[in-house]
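2 protein chains.
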Amino acid sequence: MAQSLTSFFKDKEERITEKLIDTVAKLSIPETLKESMLYSIQAGGKRLRPLLMIASCESYQGRDEHVLNVAIALEMIHTYSLIHDDLPAMDNDDVRRGKPTNHRKFDEATAILAGDALLTYSFDVIASDLHLTDQQKVYILKRLAEASGPKGMVAGQSLDMHAEDEELSLDHLERIHQLKTGQLLEFAVEIGAYIGGANDEELYALRDYGYYLGLIFQVQDDILDVIGDQELIGKPIGSDEINKKSTYPKLLGLEGAIEKKKHYLVKAKEALVKANLSTSLLESFVTHISERDA
Amino acid sequence: MAQSLTSFFKDKEERITEKLIDTVAKLSIPETLKESMLYSIQAGGKRLRPLLMIASCESYQGRDEHVLNVAIALEMIHTYSLIHDDLPAMDNDDVRRGKPTNHRKFDEATAILAGDALLTYSFDVIASDLHLTDQQKVYILKRLAEASGPKGMVAGQSLDMHAEDEELSLDHLERIHQLKTGQLLEFAVEIGAYIGGANDEELYALRDYGYYLGLIFQVQDDILDVIGDQELIGKPIGSDEINKKSTYPKLLGLEGAIEKKKHYLVKAKEALVKANLSTSLLESFVTHISERDA
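Line by line, the protein sequences give chains C and R. Here our numbering is used: the first residue of the first sequence is -16, the next is one more, and so on. Here our numbering is used: the first residue of the second sequence is -16, the next is one more, and so on.
Worth flagging that the hints you see were computed from the coordinates, not collected in a lab. Quick caveat: nothing in here was measured; it's all calculated off a predicted structure. Keep in mind that a hint or two might mislead.
For chains that are exact copies, the list does not tell them apart, and a pair is met inside one copy or across any two.
What the hints assert, rightly or not - Derived DSS-like pairs: lysine-lysine, alpha-carbon spacing no greater than 27 Å straight-line: (1) K2 / K125; (2) K252 / K2; (3) K9 / K125; (4) K(-7) / K252; (5) K228 / K17; (6) K134 / K88; (7) K9 / K134; (8) K233 / K(-7); (9) K2 / K227; (10) K252 / K227; (11) K218 / K82; (12) K125 / K218; (13) K218 / K134; (14) K228 / K252; (15) K88 / K252; (16) K257 / K82; (17) K252 / K29; (18) K233 / K9; (19) K227 / K(-7); (20) K9 / K88; (21) K228 / K29.
The following block holds chain C by itself, in its conformation from the complex (with noise of 0.2 Å):
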């Protein structure tokens, strides 16, 4: 990793994660449900969406305090969403990062709620923020219910359900994951610029950032089950193969996935360039990325 972003990481990260803690913790809240949010906002992870909004707006020499409550929020949106991802009647898992996942480490019932309390909580949040005029908060509300909600992530993961065991085009695989994972990837990228001061053309150039950066982050995802390190990934190499799940090196081999997330890198760091942002921490941030190894 780039040494910039290296420092970068470090020293927002704990400032993300302390913000996000405090935020759930203050509420004045049934104490079940408020175990269960704090729970799995504190299961760690790697704070890669919040990460990605700052970074974006530290780009457009916006400062962090400004964005902070957005990113949290988003962070929010997507602890939510593996929350629900993981019930026995979606993915059913048991463990995530190591530790239980809401539900086996409560019940059921308390994890659905705990879900659609943080969803919620999210926009409350946004909508309480400070530093945001009424025009800026209206517009990052409306995204992030559009990356978020039917039209976004819950699309992809309706649509990712329902291609279980079949065999995927790369366009309809690329589609799943560009709703699924790549909309809320987009929003941190377009709105940090945003709330940093980003001018039209550059939004637009930093939405093709964003979705060029979810596809990578996908195509890497599929390469590390390959030959990925399985201590570092922190779960069995092999699984997509075992739960016959449509992937890049499925479809185009191992080779054919490492050059196609190539061309991703290089489409990426074009569009950086139309957003004036060619030697940004975004330009590490996406090789990162592409060569994560967890």
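Based on the hints, put chain R in the right spot on chain C.
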């Protein structure tokens, strides 16, 4: 039901349902997701919350088209809460309003996602409205997130789940009702008036009205479970007794519950006087809720 209220209901109910269906039907989203969202939205229901919001808005000479999107967003939130409450891990209900519940008609995963989608989309609908100012939207979005999220409805649901089989005090029972059903009813009344142009003093008084209206709704629910007409209410009477639910008649006796309801009705009407609405539709509304037989 008073004549003016009858014609009001008749006039607005169709308008609400039509707008609600159109707003979901126009989404370009995966078929199954849309079908399951539409299924629960079309499953009937009294549209009490949107009707209340429009009545409140029109009581201050506001126009219904200014409040309609917020009203249907609120009904989406109510609908999502029913879908999630009916899930096997929650109340495990197979039938609602004489039809299979969402997860029985589709499957659990689809029902969870349909709920998540309706919840998230409701914020999109408000943020995209063309009549409201950005300042109004931010205020409304914040109040909606408070009323429906961990500070409101979700908290009520969480407390309710943990109160099962417990003997509750009247205070505790009312706290749960106020959170679980009262908050959305209060939101309906307050925001309708806010958009209609009520002043701060009137809004303050109307919160009281909404509070008592919510409790009256619940007392009457409990009373109907004892002396209601099975045919009219669409479920077997006496089910609260069988389910060992804490109710007003159980804590106060049937006569005591009826007295309590009368007391709340007086309080609600006092609040209307303070809100300068003593002879408004809202007066007929609360009387109707208090006397309803279904």
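Outcome of the hint check:
no., hint, verdict
1, K2 / K125, "both (23 Å within a copy, 20 Å between copies)"
2, K252 / K2, "neither (31 Å within a copy, 44 Å between copies)"
3, K9 / K125, "both (26 Å within a copy, 17 Å between copies)"
4, K(-7) / K252, "within (24 Å within a copy, 59 Å between copies)"
5, K228 / K17, "between (35 Å within a copy, 25 Å between copies)"
6, K134 / K88, "between (31 Å within a copy, 23 Å between copies)"
7, K9 / K134, "between (32 Å within a copy, 11 Å between copies)"
8, K233 / K(-7), "neither (36 Å within a copy, 58 Å between copies)"
9, K2 / K227, "neither (39 Å within a copy, 42 Å between copies)"
10, K252 / K227, "neither (33 Å within a copy, 63 Å between copies)"
11, K218 / K82, "within (12 Å within a copy, 43 Å between copies)"
12, K125 / K218, "neither (36 Å within a copy, 40 Å between copies)"
13, K218 / K134, "neither (31 Å within a copy, 36 Å between copies)"
14, K228 / K252, "neither (29 Å within a copy, 61 Å between copies)"
15, K88 / K252, "neither (42 Å within a copy, 47 Å between copies)"
16, K257 / K82, "neither (42 Å within a copy, 55 Å between copies)"
17, K252 / K29, "within (23 Å within a copy, 54 Å between copies)"
18, K233 / K9, "neither (47 Å within a copy, 36 Å between copies)"
19, K227 / K(-7), "neither (37 Å within a copy, 54 Å between copies)"
20, K9 / K88, "within (22 Å within a copy, 39 Å between copies)"
21, K228 / K29, "within (24 Å within a copy, 44 Å between copies)"
Comparing the model with each earlier hint shows violations of hints 2, 8, 9, 10, 12, 13, 14, 15, 16, 18, 19; every other hint is respected.
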